[in-house]
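J.: If you want the building blocks of each chain, they are given just below.
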Amino acid sequence: MNRLEKTILKWLMARDDDWEGWFFGGVKYDKKATIEKFIKDKQFRKLVVEQVERTAIEMFEGHMKKEGKA
Amino acid sequence: MQAIFTRPKFDEASNFSFLWMERLINTVKDKLESYVDLPADEATRKNVEKALYQNPEADFCYYDHGSSSGLAAQGGMEYCIDDGNVELLKGRICYSMACLWLSGNGAKAYTAGAKVVVGYVKEFAFTVEDEMLFCTAANSGYIAHVEGERDWAKVKAVMIEAFNKAISETDNPWSKTWLTWNRDNLRIYAPGVDVPETKCIFRKVAIWLLGPRLGWRISRTHAMGWMLHLIGYGITVHAVASELYHKGGYAEILKPQGEWIGLGLILIGFIFLVQEHVKLLGKLIGSGVSK
Chain A
11 MNRLEKTILK WLMARDDDWE GWFFGGVKYD KKATIEKFIK DKQFRKLVVE QVERTAIEMF
71 EGHMKKEGKA
Chain B
774 MQAIFTRPKF DEASNFSFLW MERLINTVKD KLESYVDLPA DEATRKNVEK ALYQNPEADF
834 CYYDHGSSSG LAAQGGMEYC IDDGNVELLK GRICYSMACL WLSGNGAKAY TAGAKVVVGY
894 VKEFAFTVED EMLFCTAANS GYIAHVEGER DWAKVKAVMI EAFNKAISET DNPWSKTWLT
954 WNRDNLRIYA PGVDVPETKC IFRKVAIWLL GPRLGWRISR THAMGWMLHL IGYGITVHAV
1014 ASELYHKGGY AEILKPQGEW IGLGLILIGF IFLVQEHVKL LGKLIGSGVS K
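Quick mapping for you: the protein sequence lines, in order, are chains A and B.
Adding 10 to a residue's 1-based position in the first sequence gives its number in the numbering used here.
Adding 773 to a residue's 1-based position in the second sequence gives its number in the numbering used here.
Source of the hints: derived by calculation from the structure; they are not laboratory data.
Please note that a few of the clues may not be correct.
So the derived list for chain B, only partly shown, Cβ under 8 Å to chain A, looks like this [unchecked claim]:
{"id": "1", "residue": "N788"}
{"id": "2", "residue": "F791"}
{"id": "3", "residue": "E896"}
{"id": "4", "residue": "F899"}
{"id": "5", "residue": "D944"}
{"id": "6", "residue": "W947"}
{"id": "7", "residue": "K949"}
Even glycine gets a Cβ: it sits at the ideal position worked out from N, Cα and C.
Required output: the full structure, derived from the provided sequences and hints.
T.: Structure representation (structure tokens):
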């Protein structure tokens, strides 16, 4: 796991045990199931990392736009 | 404006989609001439088909589980919309919040003549903590439409903006991630907005040659028929030319032989038939023949 993946995993592990969780494709994932999927499912991990990177890129691009520098 | 709201409810995920559609109905119902609500046990294939037959002008709205094969009916054991009855969506605006529908059957709905098809090409994801933000973004397009927006490119812009607003409103990075995911997988199949994508090279050729409406409807058998006919014709021309060459060289080939007249007539006849066939297909797509 790279640094970003480790950070995401750390964030997931820091959720409360009664974290309400999330749904993906109709399946509900609680804290334990999400961590398990993130560790074991390489494709899912890749997908999450891609989306996180995309969100981060947009955040910076959006800020530049706001400043009128984009 | 009329609408049919279909909202099965049989598991944890559909509890949310059911609620989201309820919020949608409550927001738009006063602006609709009439609507049919098919909640939970009423969201069966039979009831959906009946509602579509009885309300030929109504928009079709669906929130719950989907796949590339169709939209799930109550209980999830069958589809209420799939390849068997997708023609019922012809001429309608179809608005969905369901996984994957636009990657298969939703695209077919559009190519079968639905005016507009809104939905997602991948799984729809949401966090429980921020479900209201996800719901607001998912509902935003139909609300904009009912409030009078007829330009679907603008409706898509409204939805993208709603997702972006939700992304900026939440502090939860997991929610931000999946809001971005849903936003990027949103498609609106409508003239001038999105068109169904295909990886099949033959389909691409058919779309390029015949346009999206016809190109998407050509079946594999149809394409195979064309290919066999053209290859067979080419082989025949080559064989006849070869025979004539052995008989008397190029001079023999260039003479007005019976073989050439026959092949020429077959070609002209074939062009006429194709022309009529394309016209007929166009008429079938344009009218409600299959309804």
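J.: Run every hint past the structure and note whether it holds.
T.: Checked hints:
1. N788: 10 Å, violated
2. F791: Violated, because the Cβ-Cβ distance from F791 (chain B) to chain A comes to roughly 13 Å (cut-off 8 Å).
3. E896: 3 Å, holds
4. F899: 6 Å, holds
5. D944: 12 Å, violated
6. W947: 6 Å, holds
7. K949: This interface hint holds because 5 Å falls under the 8 Å limit.
Violated hints, listed in ascending order, are 1, 2, 5; each of the other numbered hints is respected by the structure.
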